[in-house]
Amino acid sequence: MFNKLLLVTSASMVLMSSSFAATMQRKNEKKLYVGSNSTEAKLTYIGVVEYDSTKTPSEKTMRNVIESQVEHTIGPMSAAQYTAVPKGDHVISDVKIQSKTGSTFKIEYTYTGTVVLENGPKTTYDIILAKNPAKIYEASFVGDVSPCTDEHYQSEGDFWYFWNPNQAGCKLKKDKDYIIAKAKVERFENTTKSYPEYHNLPDENGNITIHMMFGMDDSAKGRNPLTSGDINAHIYRDFRDYLIENGYTGKKWTAAEINKIAKTKDGAAPYVETFTKGMISYRFFFGPSAIDEDSLAFHWFYKDAIENASVMLYGGHSGLGGHLDLAAIEQNLGEEIKFNKKRYQIFFFDSCTSYKYYNTQYFERKMTAKDPKGSKKLDIFTNGLATYFHVMPESNRAIAIAFEKALGYAQAGNGFVSYQSLAKQIDSDNLFGINGDEDNEAPKKIK
Amino acid sequence: MVMKTMKLQRKLSNLLLILLLALVSANVFAETKWEVATVFLGARENEEFQADIESNLREISRIKTSASLAVTTYREAPGKNADRTKLLTFLKKSFQDPKAKKALVLYGHGDGPTGLRDLKTAEIKKLLSDLKVKLDIIWFDACFLANIEFLYELRKSSSYTIASEEAEFSAGLPFEALSELPTIADAQEASVFLARRFIESYSYLKNGAQTDAVSTSSATISVVDNKELESFTGMFKKVSDLIKKLPPKDQTALKNKLSKKFSMDEKSLVDLGHLLIELRLISKDSTVDQELTKLIRLLNIESVKKLKTNPRIRIAAPEENAIMVFGFNDWENGMQSEYLDNPLFKDILATKTFVQGPNKDTWPAKKFENKSTYLSPFAPGVNSFDYYFLDASGKKKISEPVSITRTRDVVETAMTKKALGSFLVYSAYTQEIGSKAEKYTGVNITLFTEIPSMDYFELEFNQKVGWLSL
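These protein sequences, in sequence, are chains D and E.
Residues 1 to 447 in the working numbering are what the first sequence spells out, letter by letter.
Residues 1001 to 1470 in the working numbering are what the second sequence spells out, letter by letter.
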């Protein structure tokens, strides 16, 4: 009976063979590998949000309430077993009032949007929705402290970004304070390439001006980037060295030159240098950039970059979107930032979760009758998830060097580097977003 | 006078004999001097990673150094920024004797063509170029660095490279193996010796010292003769051209098959041997077929059939609808509680049925709808497969218990014929669940549909072969 066994390779058959040391406890293998473990995915779910009002909410109100609930998905998603981050391209449809109990309306909607989702879930993903986003912050408090959010960022304005009902000590309850929606997941690979309009970068004089805005991590550190211990000063020096090694000539700005741009200041003068090689010119700015710091000089230079640069690259804190908020900067300056609607530009925002913060408000300023989306003359490259500041400068350096090389390729006619290749350089895989590239012209050699 | 002369002659011949003996014994016991530098990267990694480093450092501290063996160690200070100048100084100090053989071990997170997480490919290249010492062996104690693009970039840095095709366990290499280097004078022989010690340390059947690190995956190791990479890469350009000329439908099919069956833990990397084999399957041109066959053979693959290196067992049921009750390791493992807790058993043979069986325990059972089936029932730590049959009702035992034991869990491939471009001197892997590990032929390559980073684009391999375009 047992002769029917056929052993094909290197196994041998024995009747009740000798025993093995049987230690089969489950072990978690540890590998010398930290890889990209996420892909982009389309997420679709039906959400329900509560809204208290004595009046039936208008479509606009309902959409505002929905957007608030969608915004509150960020905190739990970034702390979930499988982390995810919305790309900010979501569409809300099928908005309707599901029911009304007393003065509480239940508004139903369908969410469809792209997220970056950690490997794991293939078909469904649990989304935590604040039942009533207007009430969730208050409900999260235990005494004077909310254990559901970051211990340092306790304000209501920061809550959507940091809250997580599964955090130790959090008393928020499922179905009472939040609900879980089962989202449908459709993973996809993004292999489509898009390219900067290299040929449209030069100004009327044929020059390409790249403004590197280095926002300080810690404004208490030295203001001279050549000697400062600030984390961003290292990247300043690294990239500066790279440019000099590659034939750029540097020049430090005088106080008078700085004052021409920074008409007013609320602190020490910033450090500014220019590096030039042929038609390409880099302007390096180093100073505080946080809206609540002595960042007036930064704001003047930022305004100048937006108005005149071919390419602007900001590396620094995002301040949950507050540091580069155009209205706040304009208020600080007392002047409007005049976007050049005729000029093609690229803005790189290398800061935490920047794709969420720095999109719409910038495109709106480029809108014209012929370009109702404002994307024809602007590409915005935003970067990744929230990340440690000490990691960010490395990506800042990598993207800056990669772009410098890309310009060289486009100038020499040796090929065009896609945005996706630039993003790969910062090892971000899908954790990046490019907006405004959908209507780009095919790249041509820079004349 | 004659007597004196004879005595003198005898004395002389005795002296010569002693001299000869001394010379012979000196040769027998002669040791080769080795200078070995070990570098542990990962200053910003977590505590667990640092603990692994410390464990490896303890292993190194147990190595007995001598006049024939110097082992130096460099570790990036946890939490600090990497200091390349210090690292270079360390390496210069480690490699001082021009007559000594030289080996460098680099430990850290690896990522294929990108290099190490804390020392990118270009940085490694610069570091080793600045060192100005041709090394005999570099061992990348990291993941995925038996990668053709990476190996080609660093081909001039050492004579031989040892690296893993797949993700490597953080336990790394068995450092005590270094202590035997003085007994080996030849760098290739030493490389193969070290690679063998590495793979054996993860073998359950050989009672490897590092099996604690293994539960489901393979350890892989390859030894590369760097001087042969130039020729191989020259011939490989043809492959890049061939793929570019494939109709989009074939390109997609090839990409899908490689991704699904022959990719590493890092999905953008696929096995080079299987890429060539799968491409040959698509090819309809006999000249192309021959060229691809030549390349395949350079990777020590004599025939595709021989890549089936893991046990397959045909099990026949005594009667229709019989129920096979099964367990593992002489009925020591795989009982219901363990089966449900450890997904490894389900991966070997999935079932939801459990019946009372040996050792007064309940065991998984599988109904045989067909008369026979093929199984690959082995996995790391699962070295015997045990079964017997019950009738369709599950009440009557209709066969005696059978135990099938595997005799090896390491698959080794050595170069059989030296030819221009045959860079793969030795490769090996430990078997994983079933026959999954049969995808490893020694070297990986980036999948041709990937979008390259700028750094990748500028790699010498890519410039020469035109593998990925911007």
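Because the hints were derived from the structure by calculation, they are not lab data.
Values in this document were obtained by computation on a predicted structure and should not be read as measured data.
For each residue, glycine too, the CB sits at the ideal point set by N, CA and C.
Any given hint might turn out to be false.
What the hints assert, rightly or not - Below, in silico cross-link-like pairs of lysine to aspartate or glutamate (EDC-like), each with a Cα-Cα straight-line distance of 20 Å or less: (1) E:LYS1125 to D:GLU40; (2) E:LYS1260 to D:GLU59; (3) E:LYS1267 to D:GLU245; (4) D:LYS405 to E:GLU1458; (5) D:LYS193 to E:GLU1458; (6) E:LYS1255 to D:GLU29.
Stated by the list, open to error - Where chain D lies over chain E, by a calculated footprint (3+ residues, C-beta under 8 Å): (7) 1064-1075; (8) 1133-1143; (9) 1166-1172; (10) 1205-1215; (11) 1220-1230.
Violations among the numbered hints, reported as their numbers in ascending order | 1, 2, 3, 6, 7 and 11
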